[in-house]
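Protein chains in written order, with numbering that gives the first Met the number 0: chain A, 0 to 243; chain B, 0 to 412.
A hint or two may mislead.
What the hints assert, rightly or not - In silico lysine-lysine, BS3-like type, Cα no more than 27 Å apart, as pairs: (1) Lys303/B to Lys133/A; (2) Lys92/A to Lys404/B; (3) Lys115/A to Lys237/B; (4) Lys115/A to Lys399/B; (5) Lys307/B to Lys115/A; (6) Lys404/B to Lys134/A; (7) Lys92/A to Lys303/B; (8) Lys92/A to Lys324/B; (9) Lys133/A to Lys12/B; (10) Lys178/A to Lys404/B; (11) Lys12/B to Lys134/A; (12) Lys13/B to Lys134/A; (13) Lys178/B to Lys115/A; (14) Lys402/B to Lys115/A; (15) Lys92/A to Lys399/B.
If you are wondering where the hints come from, they were derived from the structure by calculation, not from laboratory data.
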Amino acid sequence: MHNTKSNIYLCGTKLKIQIMIKLENINKSYVNGTSLHVLKGLNLNIEKGEFVAIMGASGSGKSTLLNILGILDNYDTGSYYLNDILIRDLSEKTAAQYRNELIGFVFQSFNLISFKTAVENVALPLYYQGISRKKRNLMAMEYLEKMGIADWADHLPSEMSGGQKQRVAIARSLVSRPKVILADEPTGALDSVTSIEVMDLLKSVNKDDGMTIVMVTHDPDMAAMAQKIIRIKDGVIGSIEKTF
Amino acid sequence: MFDLFNEILSTLKKNRLRTFLTGFSMAWGIFMLITLLGAGAGLKNGIFNNYGGQAMNRAEMWPGRTSMPYDGLQVGRRTIFDEKDPDYLKDELDEISVISPTRSVWNLSMVYGQDYISTSLAGVYPEFNEIDKIKIIEGRNINGADIKEARKVIVIHKRSAKSLFKDVDPLGKYVVITKIPFLVVGVYSDDDMSQEPSSYAPITTVGKIFGTSTGYSSIAVTIDGLKNVKETNDFDLKLKTKLAKKHQYDPNDNSAIYYWSMWKQYLEMIGVFSGINLFIWIIGIGTLIAGIVGISNIMLITVKERTKEFGIRKSLGAKPSSIIKLIIVECLMITGLFGFVGMLFGIGAVELMNVLIKPSTDPDDLQIFLNPSVNLTIVVAATAVLMLAGLLAGYVPAKKAVKIKPIEALRYE
């Protein structure tokens, strides 16, 4: 317990700070003919309720980092704690369960299932929790409403704009009430106005629900809307700066 | 489980073309197989039907004249079947189970009231209908007492009855043949459509009226226990030799006694049909393989096409097993449902054949198609084979697709 929680006294008030993501000395290499060392002993703590942006040049390892955080990829050495749970050498089954319970994904290309309507897409994570159809559709509608696209519930992704699709994707990432949202270039496929709308949505999710959000982006304007910008350089943390 | 069905059903509904193509391969395979087997069965039933109600193991011999000199005896002697011949044959040849000599007289008039028809009169023993398989539809057959007392009783064909008696019940009435009244005791029907059906009377009666000096007109026998053409040939040779010995003629003389056996033909035809059957099965299995390839192909493409979807599902928390289950149950649902549809259509097609190709009513026509039918066990087994093939064809690539890391699957376009 002691390693993830510390007491900080600020202006005489006792604040309990919980670490949501703790990375210790993470190493990751890709062996593809020649060995490519991508993450070189990376250390990082992200607190509960933080909204951080991860930036870095292409090839810096930011996508690899996000994949490891999302339990979509494994790492070679080090340790990764998510919500105090050690994520290492998990079976596919356990990994799937943790992804379902702990993580919500938002992708650049939305990754909605093309033949399912908005509400069915949002309800899908709940299907894998074994929640009844009626209840999960109700919950999905609730989140679609929150994202302001309840009217589009019965539309297929192909009938929606990029911004609407991303709202559906965000609703889907939230519906299972995860501990952390991982967003991979969430505005990468959107125009600037829609990008700001989506960012505002993410910010309100962060602020109102206290959701921890980790966002990978290469757009400095979007990164500036997060609380913290973490720059990855050569497989390690280059710098961490607060935006306010 | 219900939820899984719902999930799959909505997937199928939204991928209609794919569902249809997979299903069509399945339904088509089953349909073709059933139609093929049904047609084969129809052909077989039709051909075998031409043998009517006759016993397949039937053989018959008729007396003739010698055409070769033998032991100093001259050519052209008449052979005469006498009363001792049936017992002699039965004693000498164990394979003979039923023996029925006949005394026939042809071109007789049978009169009732003002009407008369032409008929032939066959004097028989009661056993004759075990060989000729006629069906008594009214009254009774010739019996032992008729033979013993040489009663003037007669069994007539239903068409003779119709011509002579119109709507009157013929039983108990008398018909007159060569001025001698015969009591009608039975009416029979058979599959023989010949214009001038025989009438049957006790052999002793016919002997008394028309004389016995010419001997029996024919001797019919049934033969048991001959399994193949060779055994049948051996038997035929043995029978001819025995007859030649008794009637003192050259065993190679085929016109002294004419002999005809149905059994050999029957065996040969069975051989032909097992050949046709084999051919049908080869085509059937070929059709099945084509179906298997079709289904496998579509399942393979389907799984490949859905790799990204599986990646999304995995990122949302789908366990590998749940994705494999999704594919397998989907595959079973499609193949099962469409297999059933193919089965229904196939059975429908076979029934249609049955209706469209009506058996010919012309007595002289040869039937070549009758009662097409299929063995349901074979159909169900074929459906199961196709389902299994589809299952494997879905499972193998699904297993592979599931092994791909979700991150790679998500990148898959």
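Tested hints:
no. : hint                 : verdict
1   : Lys303/B to Lys133/A : violated (31 Å)
2   : Lys92/A to Lys404/B  : holds (13 Å)
3   : Lys115/A to Lys237/B : violated (82 Å)
4   : Lys115/A to Lys399/B : holds (24 Å)
5   : Lys307/B to Lys115/A : holds (14 Å)
6   : Lys404/B to Lys134/A : violated (30 Å)
7   : Lys92/A to Lys303/B  : holds (22 Å)
8   : Lys92/A to Lys324/B  : holds (14 Å)
9   : Lys133/A to Lys12/B  : holds (20 Å)
10  : Lys178/A to Lys404/B : holds (22 Å)
11  : Lys12/B to Lys134/A  : holds (23 Å)
12  : Lys13/B to Lys134/A  : holds (23 Å)
13  : Lys178/B to Lys115/A : violated (95 Å)
14  : Lys402/B to Lys115/A : holds (24 Å)
15  : Lys92/A to Lys399/B  : holds (16 Å)
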